[in-house]
Amino acid sequence: MIKITNITKRFPTVTALENISFTINKQEFFGLLGPNGAGKTTLMNLLVGYFDADKGEIEIAGERVSRDTLQTRKNIGLVPQSLALYDDISAEENLKIFGSFYHIDKNVLSDRIKEKLESVQLYDRRKEKVKTFSGGMKRRLNMIASLLHDPPLILCDEPTVGIDPQSRNAIFDYLTLLNQQGKTIVYTTHYMEEAERLCNRIAIIDHGKIIAEGSLDKLLERLHYDDTISIIKNQTTIANLHIIKSFGDLIDVNEHFELKPKQGFLLSEFYSMLEKHNIGYKFIETKRPSLESLFLHLTGRRLRD
Amino acid sequence: MKTIYKLIVKEYKLLLSDRLGMMLTFIIPLALIFIWGLVFGKIGSGSQKLRLAFVNLSDAPISSKIESALDSSKTLVLLKSYQDETGKRIKFDTTSVQDYVKRGRVSAALVIPVDAYTDTSSGLKLKFYYDPKNDFEMQLMQGVLQQTIMSEIPDLFLQGMQRQSIKYLGTDSGKAFNDAITGVIEKYFSNDKKLSQIPSVSDTSNLSLTKNKDENNFFQNILQIDNVQLVGQDIANPWATRSVGGWAMMFLLFTLTATSSSLLDEKKSGVILRILASPISRVQILWSKYLFNMSLGFIQLSVLFLGGALMYKINIFSNIFNLALIISAAATACTAFGMLLAAVSRTAAQANGLGMFLILSMSSIGGAWFPTAFMPDFIQTISKGTIVYWAMDGIQQVLWRGVGTGEIVPNIAILLGMAMLITSVSIWQFKKGHVF
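Protein chains in written order, with this note's numbering: chain A, 1 to 305; chain B, 1 to 436.
By construction, these hints were calculated from the structure, which means they are not laboratory data. A couple of the hints might just be wrong.
From the structure, some residues in chain A lie toward chain B, with a derived Cβ separation under 8 Å [stated by the list, open to error]:
(1) Val-48
(2) Tyr-50
(3) Arg-73
(4) Ser-82
(5) Ala-84
(6) Lys-96
(7) Tyr-102
(8) Ile-104
(9) Val-108
(10) Leu-109
(11) Ile-163
(12) Pro-165
(13) Tyr-281
(14) Phe-283
For lysine to aspartate or glutamate, the following EDC-like pairs were computed, each having C-alpha atoms within a straight-line distance of at most 20 Å [as the list claims (entries may be wrong)]:
(15) A/Lys-138 x B/Asp-84
(16) A/Lys-138 x B/Asp-179
(17) B/Lys-432 x A/Glu-93
For each residue, glycine too, the CB sits at the ideal point set by N, CA and C.
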């Protein structure tokens with residue numbers, strides 16, 4: 001569906017993307033995970049042809065994407081990161097305006113507006129001005145405003161920033177449903193939980209480069225351990241660091257340490273050590289490996305640093 | 001108190017960090033005060049000369065004296081000839097000078113007729129042709145004329161008084177009256193008979209520059225100026241007809257600056273990105289903005305003129321086609337101006353701040369608030385580079401003078417030319433990518 005080859009994009013003060021290449025298959029739910037400023041939005045803007053890359057090529061459904069090609073955009077629905085809505089008119093009027101850009105038959109558009117509003121529980125509020133909506137309602141409206149032309153490819157650029165869990169779940173459920181109906185979805189986020197929950201395949205991006213890519217399981221295989229042990233920093237744990245380190249690699253992460261157990265690690269031995277040195281269990285937490293751990297492993301930084 | 005002090009310090013810190021706020025608070029007002037000082041500072045100081053077309057058909061020595069006095073006036077510039085279509089200079093006559101006023105080349109003309117002052121005249125007769133498109137200019141011109149003429153012809157009062165006393169009292173009685181008056185003045189005021197018989201210049205305040213006054217009024221008979229209004233006689237509300245163009249233009253510029261800068265709001269909110277993610281090109285977005293603004297400008301001007309017609313009886317319907325032409329051209333030029341502001345600004349607030357400065361400057365220099373005739377020469381030259389000047393001039397030609405399409409073609413051409421030039425700069429700026 002999407003083929004990205006050697007893409008580089010520079011801005012006057014920063015290189016946003018550097019020699020990026022990957023493909024996204026049809027009907028995939030593809031996650032692009034990375035911290036703020038990693039280059040996710042730049043990549044989304046390149047995919048819709050908002051601007052051209054300095055180097056490289058993007059193809060969507062076999063057609064090359066550029067600033068001047070309008071045809072490919074008919075197949076794309078971009079859910080922008082910002083709330084790209086007109087505040088002073090109603091939700092329904094907003095949808096009519098944005099739907100009209102795709103020359104959809106008036107009756108078809110009217111039916112789709114009704115269907116989309118119902119699917120995100122906004123139909124009852126359709127006549128109200130957008131400025132009276134909560135942040136979550138605006139986010140939901142922002143999403144369906146991009147889907148009125150029923151595009152086979154949906155690009156979601158951090159569509160859940162700053163919203164309540166109810167609205168977030170409504171967006172997740174609707175996107176999952178669309179994916180099940182055959183839509184290809186590209187989803188950028190800096191929340192690893194979102195990527196883990198939604199995406200079949202994930203690319204991790206940092207400083208404009210793809211540092212890892214694959215299915216969740218395949219990505220987590222790159223961590224050569226199963227669990228991570230989080231140890232809260234205090235006088236006792238700091239005093240016994242040399243002993244703790246003998247159980248694996250220890251990384252200093254702000255208020256706590258993370259222990260990546262070495263091969264042959266036995267949890268029973270570890271707990272015996274804690275008991276012997278009077279380190280309370282309450283300072284210890286065992287965590288399953290996650291994309292967060294992988295990011296930390298790959299970059300030495302936490303995802304949200 | 002300490003808390004209030006801290007809050008005040010916070011306000012100043014925020015203001016100092018807000019470049020636009022600082023500009024609106026200090027830089028723009030200072031710049032406008034400087035410009036308005038240049039524009040209005042010399043008004044009324046007499047440093048600006050008023051143009052007066054002039055024809056002298058009289059052989060009387062007094063007429064030469066008046067011509068010479070007017071020639072040396074610090075307030076007036078006498079125009080005694082005009083350029084015909086071939087570029088040849090032709091001296092004014094009674095007909096051509098009236099035509100010159102009617103066509104709006106000057107606001108007034110003074111004609112000294114053949115019979116201005118003969119051996120039997122009891123006073124001086126002059127013809128004053130005028131176009132009252134600008135009340136203030138006309139009042140100033142009449143005042144200057146009156147003062148210049150009266151102060152330059154003191155002998156005329158003596159002769160006039162003697163002739164009138166003889167006319168009304170008969171030769172003997174008149175002569176006796178003159179001698180008696182001379183004697184009284186000589187006895188009580190001065191030994192200089194001639195001077196004591198001449199009214200002072202300040203007495204001329206009773207000399208009205210209108211005809212059809214009391215024929216027996218001595219002072220009126222001494223200087224008879226026949227005023228003839230050549231333009232706008234049928235206009236019901238001259239003040240409103242003259243002013244509507246300037247105000248309408250100013251509000252149009254404000255409106256179109258705001259609507260154009262909505263592009264920057266749309267960019268900020270992400271709507272532009274949403275639109276560009278659909279099968280719509282940048283060119284289409286710009287065209288839609290241009291056409292919307294032009295049509296809005298046309299509608300706004302139409303509503304304002306219609307309002308003027310209803311409220312102040314401004315006659316817009318007798319020349320409606322030409323009015324539509326000139327307001328279309330004005331709306332096009334103002335749209336281009338608004339789009340340029342959007343193209344060079346980074347935020348809507350910046351565009352509106354810059355717009356306010358330019359609109360107020362252009363309106364003052366262009367003559368929307370005050371006639372350009374009173375402004376210094378270099379400001380008058382600059383004013384011809386403004387949209388407001390050419391739009392106002394065109395509107396005034398249509399509403400005040402009732403001219404045909406041919407007469408406003410230069411205004412339309414200049415406005416459209418300005419629009420094209422400004423649009424070229426805007427497109428160049430848009431391509432640089434501040435908005436898109």
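Structure-based check of all given hints:
Taking 8 Å as the C-beta contact cut-off toward chain B, the hint placing A/Val-48 at the interface holds, the least distance being around 4 Å. Interface hint at A/Tyr-50: satisfied, since its Cβ lies 6 Å from the closest Cβ of chain B, which is below the 8 Å cut-off. Using the Cβ-Cβ criterion of 8 Å, the hint placing A/Arg-73 at the interface with chain B is satisfied: the shortest such distance is roughly 5 Å. For the restraint placing A/Ser-82 at the interface with chain B, the shortest Cβ-Cβ distance is roughly 3 Å, inside the 8 Å limit, so the hint holds.
Interface restraint check for A/Ala-84: the shortest CB-CB distance to chain B comes to about 4 Å, inside 8 Å, so the restraint holds. Evaluation of the A/Lys-96 hint against chain B yields a violated restraint, the C-beta minimum of about 14 Å exceeding 8 Å. Because the smallest distance between the Cβ of A/Tyr-102 and any Cβ of chain B comes to about 6 Å, under 8 Å, the interface hint for this residue holds. For A/Ile-104, the interface hint is violated, the least distance from its beta-carbon to any beta-carbon of chain B being 11 Å, above 8 Å.
Interface hint at A/Val-108: violated, since its Cβ lies 16 Å from the closest Cβ of chain B, which is beyond the 8 Å cut-off. Among the interface hints, the one on A/Leu-109 is violated; its C-beta lies about 13 Å from the nearest C-beta in chain B, farther than the 8 Å criterion. Nearest Cβ of chain B to the Cβ of A/Ile-163: about 16 Å, over the 8 Å cut. The hint is violated. The beta carbon of A/Pro-165 comes no nearer than 24 Å to any beta carbon in chain B, farther than 8 Å, and the hint placing it at the interface is violated.
Annotation: A/Tyr-281 was flagged as interfacial toward chain B, and the flag is violated, the nearest CB pair being 48 Å apart, outside 8 Å. Given hint, A/Phe-283 at the interface with chain B, is violated; its Cβ is 42 Å from that chain's nearest Cβ, farther than 8 Å. A C-alpha spacing of about 69 Å is found between A/Lys-138 and B/Asp-84, which places the hinted pair above 20 Å, so the restraint is violated. A hinted pair counts as satisfied when its Cα atoms are at most 20 Å apart, and A/Lys-138 with B/Asp-179 does not qualify at roughly 102 Å.
Taken as a hint, the B/Lys-432 and A/Glu-93 pair is broken in the structure, with Cα atoms around 33 Å apart against an allowance of 20 Å.
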